[in-house]
Amino acid sequence: MAVSTRMIIAGCYILLAPIIIGLLDGFDRKISARMQGRKGPSVLQPFYDLKKLFEKEFLTANKTQLFMIRSYLALMILSGIIFFAGFDILLVVFAISTAAMFLILASTATHSPFSSQGTHRELVQMMSCEPMELLVAVGFYLAAGTFNVSDIIAKSSVANIIYLPGFFVGFVFILTIKFRKSPFDISTSHHAHQEVVKGVTAEMVGKEYAMVTLAEWYESAILYGIIGLFFLNNNPLSLIGAIVAALVVWFLEIVIDNTSARVKWQLMLKLAWGVTIIAAGMNLFLLEIIRANS
Amino acid sequence: MELLVTTLICLPFLWAILPALIHNSKCRAFFVYLGCGVVMVLSVITAVQWYLQGGKTLELNLPYQELFNHLFLAGDLFLMCLITYLAFKYKKYYAAVLAIAQTVLVACLEQWGPEVAETVALRFDWLTFVMILIIGVVGSLIGIYAVGYMHGYHIHHHKELTDRRSFFLAMIFVFYGAMFGLVFSQSLIIMYFFWEVTSVTSFLLIGYTRTEEAIANSFKALWMNLLGGCGIAAAITVGYLALHTVNLYEFINIAIGSPSEMICLLPIACLAFAAITKSAQFPFSGWLLGAMVAPTPSSALLHSATMVKAGVYLLIRISTAMADNFVGNMVALIGGFTFLAASCLAITVSDGKKVLAYSTISNLGLIVACTGCGYEETIWAAVFLVIFHAVSKSMLFQCVGAIENTTGSRDIEDMQGLMSIFPKLAFILMVGIAGMFLAPFGMLISKWAALKAFIDTNSVYVSTLMVLFICFGSATTMFYWTKWMSKILGISPREKSRDLTKKNEYISMFVHAIFLVTLILGFPWLSKHVLKPLTHDMYGTFKQVISYQNIIIMIVLLVGIFVIPCINYLFTRNTKAKEVITYMGGANAGDNFNFISSTGDPKEMHIANFYMEDFLGEKKLFTPAIVISSFIIIVYLIIVIGGSF
Amino acid sequence: MSTIHKSPWLLHYDGSSCNGCDIEVLACTTPVYDVERFGVINTGNPMHADIFLITGGINSQNADVVKQIYEQMPQPKVVIAVGTCACTGGIFKECYNIKGGADTVIPVDIYVPGCAARPESIIDGVVKGVALFKEKAAALAASERK
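Protein chains in written order, with this note's numbering: chain A, 396 to 689; chain B, 11 to 655; chain C, 3 to 148.
These aren't lab readings, by the way, just hints derived from the structure by calculation. A virtual CB, placed ideally from N, CA and C, is assigned to each residue, including glycine. Errors might be hidden in some of the hints.
As the list claims (entries may be wrong) - Facing chain C, from chain B, some residues (calculated, C-beta under 10 Å):
(1) 590
(2) 592
(3) 596
(4) 606
Work out the full structure: start from the sequences and follow the hints.
Here it is in structure tokens:
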């Protein structure tokens with residue numbers, strides 16, 4: 396892929412990702428409200444919230460928090476750039492977990508009971524998800540023979556989902572955890588439940604919380620991108636399929652969110668690892684067998 | 011060159027006499043510093059000179075080789091007698107049985123066994139180059155650290171123990187000598203001698219305090235390592251009786267030459283078994299965990315630069331003979347399994363040193379798995395890991411030791427907010443931890459290469475299992491390091507107090523930190539000028555393990571992870587912010603550490619990490635892990651041994 | 003144009019209420035009243051909240067707590083006292099442990115009377131609070147510009 400194309404896509408990512416994901420979030424809240432028989436807020440609500448948070452007074456319990464959160468945001472954008480510019484997908488996964496490290500450090504720096512509780516749950520969430528994220532990268536390598544995102548697309552004549560159905564199922568499963576949706580909204584409560592106050596983000600005020608939200612949007616964009624990658628091939632028209640798939644997954648997550656109650660972390664860990672081993676592990680094993688025989 | 015190498019091996023042994031004889035504390039300290047300095051300089055000179063000569067593999071003999079051969083034999087017998095004496099003294103007869111059986115076997119073969127081809131004693135190549143630098147530099151730094159630490163240990167903290175510092179410091183020098191000898195030797199007979207020396211020395215170091223626990227643990231270490239020694243003895247036996255050579259490299263060539271002949275694989279399997287015990291893989295992890303009872307410098311020495319690295323070194327040596335065969339599969343599975351199991355166990359313990367011990371086992375597991383795979387990329391990754399692991403682990407152990415001496419506890423729960431009370435120690439700890447697992451430092455690059463190679467491994471089962479091991483293992487690894495890291499940062503309820511860490515301890519730790527940062531920044535250079543020739547030496551091909559593009563991305567990430575926080579720090583340093591107390595449901599008693607309890611009195615709040623003992627606890631996992639790994643080893647050994655007859 | 007009033011996040015604190023008003027506050031978030039259509043989120047965290055909604059009177063135990071929570075809310079912020087008890091101390095006013103309404107410890111902006119306050123009036127109060135929130139934000143921005 397030409398350097399200029401890479402730069403254009405990466406630039407689009409930086410500019411458009413928050414807009415698109417913010418809008419999706421707004422529709423999410425609208426649709427959830429309608430599912431519950433409510434009117435719901437405006438679809439632009441996430442942007443209003445973000446703008447307000449930036450305008451609020453800045454209070455803090457520990458000043459080091461702010462720079463760590465900014466680093467979290469910056470590194471998350473960097474991971475996104477690596478992904479959308481078409482570089483190594485395995486490095487993207489590693490970069491995301493490194494970025495998440497800064498979130499963890501920011502939230503424990505305050506020595507607050509609620510944010511510490513949330514942080515440890517967040518760590519459990521990361522531990523539940525990480526094997527599957529790495530395995531997705533492995534799956535693409537097996538299917539397309541490379542970790543490079545641009546090569547994965549260029550080298551596949553058919554959508555990789557054909558080879559990777561198990562990986563897809565596993566990945567969609569952990570997306571619920573990644574998006575902090577019920578039943579796995581363990582580390583920070585998404586809605587009106589206030590068990591851990593706001594978990595990881597409990598001590599983050601105003602612009603800090605805004606930046607965390609923004610970073611999560613950038614991360615979501617990468618995750619939807621990976622969903623799309625399952626459906627992309629060297630035919631440009633497959634982009635439509637990828638977008639449709641991402642939207643379907645997005646809708647599925649809303650349905651799951653609205654129809655389930657939260658679980659304990661033990662069950663989450665067991666479920667996530669179980670699904671990873673069964674769905675992705677089986678798929679991996681089959682792919683290896685096919686490769687060994689060909 | 012010959013002279014340099016001989017001096018390098020012999021000098022530490024001779025120097026060990028000095029601290030053993032001098033009992034004046036100041037005078038002894040001087041000679042230990044001097045000795046460590048000499049060892050370090052000597053190893054660097056040797057390495058640099060060899061490098062400047064073009065980095066060609068050298069085969070050399072010791073001067074008076076005959077005499078040395080007799081010395082080695084006498085040494086073997088002496089060690090046997092020593093072990094037997096101690097075993098009878100403490101009524102651990104099994105150790106004596108193991109020692110006598112193997113030593114007698116080797117000695118008899120040497121004296122009356124069939125003739126074998128004369129071999130050159132020593133060999134100097136790229137892997138040796140890397141190893142002597144690690145042993146010489148990291149090892150001597152630990153020696154320097156040990157002087158100050160042991161002073162504090164006896165004078166401030168453990169007044170009840172007999173002061174046997176002379177013995178301790180002497181043993182450290184013996185260790186250097188044995189390690190140098192081990193990495194140079196080409197003849198298995200010589201290697202066997204040095205191997206036994208490391209086993210016995212570590213046994214003596216672990217039992218240093220002579221408490222009941224120390225003695226029990228030291229014998230545990232001894233029998234496991236002697237079992238490994240039996241592996242080498244068995245390899246020598248096969249060499250004498252079937253292959254007519256005792257040259258390690260001949261073994262490797264024979265195994266590569268006829269990979270389907272089990273008899274050719276047998277010595278490799280025996281050596282691999284020995285190496286697995288030495289590098290504390292499951293089921294032999296117990297000894298390394300038990301080694302924690304010893305004073306910190308010896309743990310640092312055993313865990314980072316020496317001892318466990320001896321096992322890993324041997325595995326890297328023989329890895330070319332393990333590509334895609336039963337032995338390789340065994341080693342890879344044991345390594346991968348250990349990587350996962352030990353990192354799960356590391357989550358459940360809160361003792362800092364124990365976490366480090368489990369993480370050592372786990373990291374070595376990854377290295378072992380890489381060698382078992384036996385591809386060029388994995389060897390590249392393995393050597394990389396060895397280097398990174400030696401430096402960062404040595405630093406971490408020293409740091410935890412210093413923290414224990416200063417705060418009186420090495421429990422991670424007590425390290426809350428270390429950054430605000432002992433910033434220097436906390437900084438070192440952070441650098442060490444970051445070096446162990448954060449992207450894009452050493453571990454990440456290696457994990458990347460290892461994962462890629464494992465996917466490409468031929469055996470379907472091994473490949474699938476290994477990929478799963480690595481993926482799950484990196485998740486659990488991330489968990490225990492991150493939660494430790496998050497404990498250190500932040501604020502502490504305790505007052506600042508005096509830092510009891512000695513100057514020489516700081517010198518050693520800061521030098522380590524500088525090394526680590528240099529290694530991270532110099533990684534493309536290291537890859538090109540050391541690792542590439544190394545793999546070329548072993549495989550005869552040049553292969554770009556990591557693509558140019560990825561190197562660029564990693565450098566970008568690296569810069570990102572250093573620069574982004576720094577810039578952000580500078581930007582936000584002067585941000586106006588109103589300080590508030592943290593949210594505790596509005597019940598704070600005026601600060602962040604106390605809350606108003608139901609009785610109306612302030613109470614201190616305790617925040618503890620997750621340890622998941624019900625989920626992954628030692629009680630739950632340790633025994634199954636041993637059973638599973640024993641099963642893997644036994645099955646594969648039966649395949650290889652059964653196939654040879 | 004400032005849109006700050008479109009995202010008022012709410013913190014609900016129960017003083018020594020009989021829980022009648024609390025039930026009504028929660029009723030506001032249900033489908034029938036759906037206060038979220040104004041962008042209101044019922045957050046549990048003072049650090050994230052814009053509107054502090056108190057039910058029940060202040061007693062000597064919770065006076066410090068209320069003050070502390072108020073301190074932990076970033077500017078601009080609005081306080082709404084919901085129900086008679088929060089406004090004046092109500093039926094419990096003469097109790098030995100009761101200090102009175104919420105305004106005995108923190109400045110209250112909007113009073114919503116009723117025992118228990120009806121959801122309609124609570125929403126009415128919140129909407130008034132939102133308008134005040136916007137004013138306060140504008141005033142704060144103006145003072146910062148100076």
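_Minimum beta-carbon distance criterion (10 Å), residue 606 of chain B to chain C_ = Status holds, d = 8 Å.
*Let me know if the C-beta of residue 596 of chain B comes in closer than 10 Å to any C-beta of chain C, holds or violated.*
4 Å, holds
*asked:* Given a cut of 10 Å on the nearest C-beta pair, is the interface hint for residue 592 of chain B held or broken against chain C?
replied: Hint on residue 592 of chain B: holds, closest Cβ of chain C at ~9 Å, below 10 Å.
*Proposed interface contact between residue 590 of chain B and chain C, which counts if any beta carbon pair is under 10 Å*: The hint holds - residue 590 of chain B has a Cβ within 10 Å of chain C, the shortest such distance being about 5 Å.
Violated hints for the displayed structure: none, as all numbered hints are satisfied.
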